[in-house]
Each structure stands twice: as C-alpha cells, then as structure tokens.
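Quick note: the sequence shown uses the numbering used here, first residue 4, plus one each step.
In short, the hints are calculated from the structure, not lab data. These numbers come from a predicted model, not from an experiment. Certain hints may be false.
Unchecked claim - Within a straight-line C-alpha distance of at most 25 Å, the following computed SDA-like cross-link-like pairs (lysine to any residue) qualify:
1) K171 <-> R150
2) K163 <-> G225
3) K249 <-> G225
4) K171 <-> N131
5) K140 <-> D153
6) K117 <-> Y265
7) K171 <-> H136
8) K249 <-> L77
9) K171 <-> S242
10) K249 <-> A189
11) K117 <-> L77
12) K171 <-> I257
13) K171 <-> L77
14) K249 <-> L310
15) K171 <-> N258
16) K163 <-> R148
17) K140 <-> Q104
18) K171 <-> R216
19) K163 <-> G180
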Amino acid sequence: MTAFLSSYADHVADLAARGLHRRLPPPSGQWLADFSSNDYLGLSRHPEVLAAARDAVAQYGTGATGSRLLSGNLDLYEAFEARIAQDKHAESALILGSGYQTNATVLAALINAKVLGAEPLVFTDRLNHASLHHAFKVAEVRQIRFRHADLTHLTELLDKHAHSDQPKFIVAESVFGMDGDCIDVAGLVSLAQAHQAMLYLDEAHATGVLGERGYGLTADQGGRVDVAMGTFSKALGGSGAYIACKQVVKDYLINTCTGFIYSTALSPMVVAAMHKAWTLLPALDAERQRLQAMAADVRTRLHAMGLDTGLSTTHIVPVILGDERRTLQARDQLQARGINVSAVRPPTVPPNTARLRMAFGSHHTPEQIDALIEALRDV
Numbered sequence: 004m005t006a007f008l009s010s011y012a013d014h015v016a017d018l019a020a021r022g023l024h025r026r027l028p029p030p031s032g033q034w035l036a037d038f039s040s041n042d043y044l045g046l047s048r049h050p051e052v053l054a055a056a057r058d059a060v061a062q063y064g065t066g067a068t069g070s071r072l073l074s075g076n077l078d079l080y081e082a083f084e085a086r087i088a089q090d091k092h093a094e095s096a097l098i099l100g101s102g103y104q105t106n107a108t109v110l111a112a113l114i115n116a117k118v119l120g121a122e123p124l125v126f127t128d129r130l131n132h133a134s135l136h137h138a139f140k141v142a143e144v145r146q147i148r149f150r151h152a153d154l155t156h157l158t159e160l161l162d163k164h165a166h167s168d169q170p171k172f173i174v175a176e177s178v179f180g181m182d183g184d185c186i187d188v189a190g191l192v193s194l195a196q197a198h199q200a201m202l203y204l205d206e207a208h209a210t211g212v213l214g215e216r217g218y219g220l221t222a223d224q225g226g227r228v229d230v231a232m233g234t235f236s237k238a239l240g241g242s243g244a245y246i247a248c249k250q251v252v253k254d255y256l257i258n259t260c261t262g263f264i265y266s267t268a269l270s271p272m273v274v275a276a277m278h279k280a281w282t283l284l285p286a287l288d289a290e291r292q293r294l295q296a297m298a299a300d301v302r303t304r305l306h307a308m309g310l311d312t313g314l315s316t317t318h319i320v321p322v323i324l325g326d327e328r329r330t331l332q333a334r335d336q337l338q339a340r341g342i343n344v345s346a347v348r349p350p351t352v353p354p355n356t357a358r359l360r361m362a363f364g365s366h367h368t369p370e371q372i373d374a375l376i377e378a379l380r381d382v
C-alpha cells in the first residue's frame, strides 16, 4: 500500500477506535419507521410536486446544461426567485445548488475583506453549521463566537467593538439542526440595526415548517433580515437552496460568488418541483401544527423516561447520551427493531454530547411514535 493510502487507512482506523467512524446506512425504504429524514411535510412524494417535475422534464429535459451565466438561466428560475422574494418580503432572491454550497460561497463572498476595504468583524453562534464555518475559512476571517443563542453575550461582544469602523456581520441559524431549538430572530434584527451590522440567517430547518405561512422565521420580520438563506432539501422534499436579499446583494453575488458562477444550474425538474412545493406551503398549517404537537408529546414522554432532549422546542428532537460508543450502540439496536434514527457525534456536535437525533414528519403515525418510544425505553 502506498504511503498516502496507508495514511488514509490509519486515519479511518483511528476514527473507529474513538467511536467516530461513519458509514453509509442501509438503503432507505426498509424501516418500520424512519426518523432520520428531513422530509418534514412529506412533500417529496406529493402528487402535485411530482407532476410539476414530470412536466418540466418533458419541456426542458433533465438538466440545465450549463451555469446560470451561460445556458442555464431558464425562465423557471426567475419565476421562482420572484416568488421567494415576495414571500420573504425581500427585494430579490437567488437560487443555488445546495445549502452547503450557498453558505460556504455566498457568505465567503459577502465577508470579503478586499471588497469591504477592511477586515470584517463577524459575530457567530458557536453552534453554527459546518458550511458557515467553511465560509470563514475560505474568506480567512476570524470568528467572534457568542454562546449558543445567547443574545446577552452577543450584545456584550458588539458593545465591546462598538467604536470600531470595521464592517460588522452577525451570522446564525434560525433553527439549529442538531439541537432543534430556535434563536430570537427579532432580537437579532434589533441588535443588527443598532450596531449597523449585516444579519445573515440560515433558515434550512425553518423553511416550510415555521414562520408566516411556513416561509421561515425571517418572513415574520418584514424584510428586516439582510440575507435569509434556506434550503429546498428539508421540508420542501427536494434539493437546492436560496437566499432572499436586497437587489444590490444579488447583483454583487452574481459577479463574485464562486459557487454560483462556476456551478451548473439546478435541474429544471428540481426547480419546477420546488416551486410547486413552495406554493403549497401556505395551505399546510394543519400539518405544521400536527408536527409540532407530535414533537412536544415525544419530548414529554422522553422526559418522563429520564432522557435528555437538550434545548429542543421544534420538530427536531435529540436524545443526548454523551458517549459516542453508547450512541452508536443505541442506534444499532433501534435499527435492529426497524426504527431508524441518526447517531450524531463530534465534530458535528460538541465533545461529550453525542446524541440520537430524531426528525419528525407530519406523515408519522401515532403507532410509529409509540413504537419509537417503546424501543427507546427498551434500549
């Protein structure tokens, strides 16, 4: 074995020894109940969403055939972006290929020190998604981290730098995907305005599920969030991502964001399907209410069993076990009973907070919830 292959093998062996080795799960579709999926509203198989995809394939083919700046700027994109902007109370919107790509490259472009004329001060929640941390590495910008969802701490940090002329950014998620808790979006808006900071919020796990007509927690702020990012890969049941922003920000990104400039546009069938899913959201209030009630009931039952669900207040509910090996063992035992949950370990979550992560969907039945609770009790 060559030296570099040996290095890779040694690294994987070390991960396995520490209980951090990842493997692909069995193919989906074999579970009694699957609580690992982010298809919160079941839209991935909604008849109207499927029909929109089929119609787009018949009209446009399977691929966009190029980047948006070359051959891929179809009318589908511009119509969907206009609808997103309208529902997010923004001047404009821009669609990209994935959530990770969007955060990593859009944010990196926005915090570019050369363009801004000075090193920006970037205040970030310590539990932000890896894609946001990636952006800071790409831009070579140091993070000023505030304690998770702690706006008092953020205020202290902002006040400490109040007299600085450096451009300021606040970056956070509205719903945190590993903990299932929400940040105070209105409070962030007030702080950003008071300190003349640009506010960038990741709405991946809020889009479709929370906020005005299901359009995320930033939709409740009447366009006061500078950049609202969200994905189509969670509650909308597909793939891709968007940002809602000022028109000048969109124009700037079209000219500077590498993830947009150098990537083939999303498939037209995906864009059409996601546009249809987006338009269905206002009519799904009952599904959203059922989803949150279900998660609240599960938390109550888990607390009665002495299990720690952390800070969860949404459709994402962790069971924090701490030890990586114990978490893997519990996941495997649940899967053996036909119950699929995710085992989340460091570095995705902080050390000693390994957990089973359960994502609930409006399609889950009372019988499936009972089976989950019974399995967790036994495990």
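These are the hints, each one checked on the structure:
1. The suggested pairing of K171 with R150 holds, with an alpha-carbon distance near 18 Å, which does not exceed 25 Å.
2. With a C-alpha separation of about 29 Å, the suggested pairing of K163 with G225 is violated against the 25 Å cut-off.
3. At most 25 Å may separate the alpha-carbon atoms for a hinted pair to count; K249 and G225 meet this at roughly 13 Å.
4. Distance hint between K171 and N131 is fulfilled; the C-alpha atoms sit about 17 Å from each other, no more than 25 Å.
5. About 24 Å separates the Cα atoms of K140 and D153, which keeps this hinted pair within 25 Å; it holds.
6. Between the alpha carbons of K117 and Y265 the distance comes to roughly 21 Å, so the proposed pair stays at or under 25 Å and holds.
7. Among the hinted pairs, K171 with H136 is consistent with the structure: their alpha-carbon atoms are about 17 Å apart, no more than 25 Å.
8. Among the hinted pairs, K249 with L77 is consistent with the structure: their alpha-carbon atoms are about 22 Å apart, no more than 25 Å.
9. For a cut-off of 25 Å, the pair hint linking K171 to S242 is broken: about 31 Å separates their Cα positions.
10. Distance restraint check for K249 and A189: the Cα-Cα separation of roughly 19 Å lies within the 25 Å cut-off, and the hinted pair is therefore satisfied.
11. For the hint pairing K117 with L77, the CA-to-CA distance comes to about 33 Å; that exceeds 25 Å, so the pair is violated.
12. Restraint check: the Cα-Cα separation between K171 and I257 comes to about 22 Å, which is no more than 25 Å; the hinted pair holds.
13. Pair hint K171 plus L77 does not hold up; C-alpha atoms about 35 Å apart against a cutoff of 25 Å.
14. Only pairs whose Cα atoms come within 25 Å are accepted, and K249 paired with L310 is rejected, the gap being roughly 44 Å.
15. Using a Cα cut-off of 25 Å, the hinted pair K171 and N258 holds, with the two alpha carbons roughly 22 Å apart.
16. Between K163 and R148, the direct Cα distance comes to roughly 13 Å. Compliance with the 25 Å bound is thereby established for this hinted pair.
17. Our distance criterion of 25 Å between C-alpha atoms is met by K140 and Q104, whose separation comes to about 14 Å.
18. The hinted pair formed by K171 and R216 fails the criterion: a straight-line CA distance of about 31 Å is larger than 25 Å.
19. Straight-line distance between C-alpha atoms of K163 and G180 comes to about 30 Å, which puts the hinted pair past the 25 Å bound.
Consistency note: the structure conflicts with the earlier hints numbered 2, 9, 11, 13, 14, 18, 19.
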